[in-house]
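Note that the protein sequences, when read in sequence, are chains A, B, C and D.
Last residue of the first sequence: 1028 in my numbering, with the numbers rising by one and none dropped.
Last residue of the second sequence: 1028 in my numbering, with the numbers rising by one and none dropped.
Last residue of the third sequence: 1028 in my numbering, with the numbers rising by one and none dropped.
Last residue of the fourth sequence: 1028 in my numbering, with the numbers rising by one and none dropped.
I should point out that these hints are in silico values taken from the structure, not numbers from a laboratory.
Incorrect hints may appear among the rest.
It does not matter which identical chain is used: a pair holds within one copy or between any two.
Said to hold, decoys possible - Simulated pairs of lysine to aspartate or glutamate, EDC-like, Cα-Cα distance not exceeding 20 Å:
#: 1; residue 1: K877; residue 2: D768
#: 2; residue 1: K877; residue 2: D772
#: 3; residue 1: K710; residue 2: E732
#: 4; residue 1: K710; residue 2: D796
#: 5; residue 1: K877; residue 2: D931
#: 6; residue 1: K710; residue 2: E945
There are 4 protein chains.
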Amino acid sequence: MTETNTPVPGPEGARVGVWFVGARGSVGATAIAGALAVRAGLAGETGMVSRLPEVAVAGLPELAGLQFGGHDVSDVSLPKRVEALVDAGVVPHGLPAALATELARVDARIRPGVTGSERPQREIAAALTADLRAFREDNGLDRVVVVDVSSTEPPVRVTPELLTLDGLEQALDAGESPLPASSLYAYAALRADCSVVAFTPSPGPRLPALAELAETVGLPWAGSDGKTGETLLKTVLAPMFAMRALKVRSWSSMNLLGGGDGRTLADPANAVSKTATKGQGLEAILGHRVDGPLHIDYVPDLGDWKTAWDMVSFEGFLGARMSLQFTWTGCDSALAAPLVLDLARLVARAHQAGRVGPQAALGFFFKDPAGSDVHALSEQWEALRTWCAELAEAEERR
Amino acid sequence: MTETNTPVPGPEGARVGVWFVGARGSVGATAIAGALAVRAGLAGETGMVSRLPEVAVAGLPELAGLQFGGHDVSDVSLPKRVEALVDAGVVPHGLPAALATELARVDARIRPGVTGSERPQREIAAALTADLRAFREDNGLDRVVVVDVSSTEPPVRVTPELLTLDGLEQALDAGESPLPASSLYAYAALRADCSVVAFTPSPGPRLPALAELAETVGLPWAGSDGKTGETLLKTVLAPMFAMRALKVRSWSSMNLLGGGDGRTLADPANAVSKTATKGQGLEAILGHRVDGPLHIDYVPDLGDWKTAWDMVSFEGFLGARMSLQFTWTGCDSALAAPLVLDLARLVARAHQAGRVGPQAALGFFFKDPAGSDVHALSEQWEALRTWCAELAEAEERR
Amino acid sequence: MTETNTPVPGPEGARVGVWFVGARGSVGATAIAGALAVRAGLAGETGMVSRLPEVAVAGLPELAGLQFGGHDVSDVSLPKRVEALVDAGVVPHGLPAALATELARVDARIRPGVTGSERPQREIAAALTADLRAFREDNGLDRVVVVDVSSTEPPVRVTPELLTLDGLEQALDAGESPLPASSLYAYAALRADCSVVAFTPSPGPRLPALAELAETVGLPWAGSDGKTGETLLKTVLAPMFAMRALKVRSWSSMNLLGGGDGRTLADPANAVSKTATKGQGLEAILGHRVDGPLHIDYVPDLGDWKTAWDMVSFEGFLGARMSLQFTWTGCDSALAAPLVLDLARLVARAHQAGRVGPQAALGFFFKDPAGSDVHALSEQWEALRTWCAELAEAEERR
Amino acid sequence: MTETNTPVPGPEGARVGVWFVGARGSVGATAIAGALAVRAGLAGETGMVSRLPEVAVAGLPELAGLQFGGHDVSDVSLPKRVEALVDAGVVPHGLPAALATELARVDARIRPGVTGSERPQREIAAALTADLRAFREDNGLDRVVVVDVSSTEPPVRVTPELLTLDGLEQALDAGESPLPASSLYAYAALRADCSVVAFTPSPGPRLPALAELAETVGLPWAGSDGKTGETLLKTVLAPMFAMRALKVRSWSSMNLLGGGDGRTLADPANAVSKTATKGQGLEAILGHRVDGPLHIDYVPDLGDWKTAWDMVSFEGFLGARMSLQFTWTGCDSALAAPLVLDLARLVARAHQAGRVGPQAALGFFFKDPAGSDVHALSEQWEALRTWCAELAEAEERR
Ligand SMILES: NC(=O)c1ccc[n+]([C@@H]2O[C@H](COP(=O)([O-])OP(=O)(O)OC[C@H]3O[C@@H](n4cnc5c(N)ncnc54)[C@H](O)[C@@H]3O)[C@@H](O)[C@H]2O)c1
Ligand SMILES: NC(=O)c1ccc[n+]([C@@H]2O[C@H](COP(=O)([O-])OP(=O)(O)OC[C@H]3O[C@@H](n4cnc5c(N)ncnc54)[C@H](O)[C@@H]3O)[C@@H](O)[C@H]2O)c1
Ligand SMILES: NC(=O)c1ccc[n+]([C@@H]2O[C@H](COP(=O)([O-])OP(=O)(O)OC[C@H]3O[C@@H](n4cnc5c(N)ncnc54)[C@H](O)[C@@H]3O)[C@@H](O)[C@H]2O)c1
Ligand SMILES: NC(=O)c1ccc[n+]([C@@H]2O[C@H](COP(=O)([O-])OP(=O)(O)OC[C@H]3O[C@@H](n4cnc5c(N)ncnc54)[C@H](O)[C@@H]3O)[C@@H](O)[C@H]2O)c1
Ligand code: NA
Ligand code: NA
């Protein structure tokens, strides 16, 4: 095994493609520019979990070998978006110039995105599938992972045709368009033999009909909603209170953020998806409902930098009332981008290893871990470690 | 197994004594009053780790059966001290009156403490040992745990006679007095066949000669320096940064506290012991030295309530600079007292089970875990859980 | 003139009555119990602006001479309410017992409150007026101040009959009930020749018809919405940014509180009144609209203790982005009660001195200063100081 | 009078020179680059008090007309220093290139600084004076202000020869070198007919002999120690507590900073000067000593960005214990630079108007206001406003 900083190359030297839905957004653009920068020796791997030996051991496809493409509904080109991220303080000065050719090459591979209501979804799905197949073939790729980093959608009402694969296919055959965009992308991905990562809280592959499709076609997927900030902290702090038999009385949270994600979440309909995924961890860890508001506020002035303030009121021996407050000042895209790259490589590896369905062991990365109800970060880390060790062994036994 | 809230009674119904060095201090008095209050149904078990099923399973001696005694150099009686803790907001109003008889009974068992320079330490040790034996015999106890909750001492220079048991005994025979008070208490305890808990950062049982004595006489001990506040947080937050491959650039800490402990630590000589134990965890967890000041300040106005502020500056992908700040407002004695009771019961159980030497699995409770270099709280929790499960099995196999 | 701690006695030794609308609420009960405690030598004057020489100089009626009564819709007796405030940590242990007789005596003077829809408001007003007259006569009082510390009402739509006194009287004559409760109380007060303090954000005396009535009957009043916490801080911090030519980019605020006030404000209809008064100061001081959310959340667990967190994002020279965060942990009733007593005495003094209408110089106490658009605390202090000095001179010239 | 953003030009179109002692430090370089940027239309006047109408009215020399020069002991050229400030995030990208010619021109005017022990101080003073005269003559300046922004010195023991001008001159004549460097610079400045601004806490013009010299030669000066961050906040928050009759029980402060200033203050000898000036305001405002630590810590990782955390514990009515915490994250040089430019212009104006000695009305800018014991910011603002208005009138009367 090579050293900490260099991930173990994929055993078979597989060529892996990463297809971002929302490739021109903050997270997508930071991930692409970041991967290119690391490859060019212009940036390090800080923030990439895959550089830790416990994870690298799994035998992941090399970062340097990843090929990028994507869908987006935005007309702002990738190079322009990266420039904007420089102004926002996310991407270092100088990078856009140094990576100009490469960024332009990726931008050329970005295809128009869909909202899902342009025409009957059967037709849209076919077009999306064709995009994915073309990407794989044109670039001689062995495998493609579709990673959703597009804007958060509102939650969806799970109507009967979203409950079973059969029902869904019949509806599509009938010219209906029952899927939210995120799930339409997931459908197309699975039909194009691509594995899926749902980094947003949108329904995506989590609808029962979609989950069934993944089983049917034998593909792995992971989700959902990347755990990068306040929720990350909650899932290390709440276990501390639990292990110390302290009683959490209330937990109040305020999240201030600007950027595109902030703008999207300023719409209460979209925010519901996020507050739902953010809220569930505490209760799961502490074993009881916890009082306290959870706000997400759009403060344009803050740009891509998020400030979260939490106040935990708790009780100790003899009724003593105590409190913990924290303020997290984080650059959301810089936190998300390396995890997105980690996930792409981990799910590609799972695909290679023949894993199918929601990868519970990747719950470490998510606010709402598909296939798992474990939220405590250290337990998730153990699960991830074990999973990576198993893949390492599997490799060796070959 | 009984329910969460009632610890499993000691299998043999053993009568266990808990002897506090520093019984009239904030922690000692809160632990005694708290145990009496729980026994009388006037308080719950919040903050007691032993109430968690994973720990209770070990088969601990019942809280209600513990007998208390101790040494202290203070003349302020235990009931008076508890009254003061009411004024300080640590102990609820009404408790001193409700527990008056019981508190007076315990107070009558508190014997004059020593500084270690009153007379040759051989003689002092004999007197302390006699106190402990009398406590055990007068109260028909099966086992006694000596728990040091006295004022923090300065670090000690480890001279040759503190390195081996032989060397120590020769020095004592020669009329010398080489031991700091905390180690003199530990010596007397071990010689009186008592197990030991070092809740303070003082040298106590950690000097090589003392550790050797524990092995020789076949007794278990645990230490040192209870992990109750800022350091507790550090040992859940630092692993989070490590697991996410984020680079901690600096970690600055400020602790404001009043009370007796604050007054003691206002003396820089004593504070050195504390800052040493507080500092080591971060480096152990992160694998590199971390910049940043660590202050402990005596602010009399705050009484037994401590406020700690920490600021962590860290770096993510593409060099993004981010920060986490937290403010912890805790009642130190209310946090420490239940752990002290837990430890007394756990070490008594270890004694009963024939365990010898530093109990690494109790590192969960300490800033400077004797016998272990694991600092991450979740790893410590796993070790504790395993240890308790083993004791449970051992019991069943009998 | 006597010393700082003893307010200058009213020049004529006037007997002043204070009538609380909401006498059994947290603020009302704390003010009454507090005044009785100070009088009995059981508490000091911390938090009372009237103890400062600059204010005391105005020649205020003595605190010890105030007589209390009030209206409330609650059946919980004043002594019971004060007991609850002891449990909440607002009122010191022992006080209810020490003041039992006096509290009972005040409680006996509390009359049933009204919501305003019991019967035609003409009749209700007559009953309230009778209550006030009886209070003045039964207790041989020279003057009565009616202080509204009842639950916050929703804002009211200002219909034509609320615009002029004539219009209002005609509506009342016609058997209509156009007034919100707070304004009905203010109407009755002014008709009973009582001055008025609006400590809540409810409409009270601020409706045009009511303000006209105060002019007509020649009575002073002050309001509205006591400035005790986060807004207080805003009105000293915002001027700092302005004086230093720093550009405030956004100001985000979160208020967590329990208690009765918290419960009332958990209803969005009521909260509108509060967020309106809280929001206006910043813009007035900075001269431009400021972005950022303002939340008030009901967190029952916090009881009468409020925690507010604010984050100010600002810009300096060469575009440098900086921030200020603060956390205020305050006991709302302990902050409000002494101001309520100050206001009662100041408005009684204004009444004695023949002042009429909104007392702009009392804007120092309020989030939404009636008769003034000055919000910066130091400017308000200067205005208050000048006003008090004038009253002192007026007295001397007599 | 022109608009807010354009300061009133000096009535006589005077050509004013600003001579920085420490011209290549963070503050010096930011001030120079900033002034050049504003002049070139590349930056705005945010953070400049002189842009406020109340100050601009005084008739200040135009920013665009200022000529810069200075002394420094550092060999790092001004353009290089400005580059470093870009990397530190203080100065915007692109500025060094845009201002390259101008920066080089100023750098050419920077003369080697002195420590004061190179040779007898009589000789050094003569050389420094010659430098200043040459600067004035070579550039055809009407007036020169010497602004000390060099590294903080340790406090000095005031020996007899520092007490009177006569004593000082005799000592210099005798070949002695009694002056700390900052005072030697001030001596030379005054002897060269330059006014002086002491932006550091170093002794500078504050030694009695120097203050006497200023009177003798009839020159104005201002100092000392710029009030830019935590202390600024203290001087708006402490008056709030005072005006509300709340009792401040303790005030604890922690300042974390990197940069050159941080490195200098990491030496406890130098830090004494700073903690002395930082400490005095609170007591002056509150009228009593206030408990609580005050730390300044060097955390290299933070660079030019300072984080200060303060916790104020205070008491209200009925003994309620409350607290206020704040965290200030500021860019020290961006805060200081515009004030330094303001001060240069204000003191030049005072010089022109014939003012002599310490300018108490400029206390607004300082932690340790020379000639004044007023610390409350709003009172200082009133004094500044009045002073500026007087100068405006003086002008008009001419
Ligand atoms: N940054 C984090 O820390 C983090 C953490 C968890 C989840 N997320 C999620 O990641 C997602 C992306 O965040 P962001 O900050 O990059 O947001 P963003 O607004 O900057 O980017 C979203 C991108 O999606 C594109 N898009 C919108 N609808 C689309 C569609 N139907 N098809 C294709 N593209 C579409 C937009 O044009 C935009 O380019 C969000 O859903 C966010 O909630 C981010
Ligand atoms: N409270 C916590 O959260 C916590 C956490 C870790 C460690 N500790 C440690 O626990 C210890 C006790 O803390 P506390 O707050 O109760 O302090 P305290 O000052 O209130 O009590 C200390 C007691 O020890 C007694 N004492 C001093 N010297 C003695 C001696 N030579 N022999 C016998 N008694 C002696 C004192 O008289 C006093 O009664 C301290 O060492 C502290 O550092 C406390
Ligand atoms: N505490 C502060 O710092 C502060 C600051 C500014 C304003 N205020 C305002 O003061 C008021 C009182 O606050 P509180 O904390 O005491 O609230 P509370 O809920 O404890 O008390 C309100 C009282 O008003 C009574 N009440 C309700 N409707 C009434 C009616 N129609 N007639 C007579 N009585 C009625 C209630 O029965 C209750 O006793 C609120 O409006 C609050 O917004 C408080
Ligand atoms: N930045 C602020 O907010 C602020 C506020 C108040 C006071 N100050 C004071 O301003 C001063 C400058 O701060 P900075 O951050 O620019 O520090 P810095 O270390 O970056 O700059 C100091 C400069 O002074 C030069 N210097 C040192 N000794 C000298 C000497 N004898 N003669 C001439 N030059 C000499 C150094 O070479 C350096 O270039 C410090 O004393 C600081 O305490 C700064
Ligand atoms: Na250890
Ligand atoms: Na107003």
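>> Output the indices of the hints that this structure fails to meet, ascending.
In response: Numbers 1, 2, 4, 6 - these are the hints that the structure violates, sorted from lowest upward.
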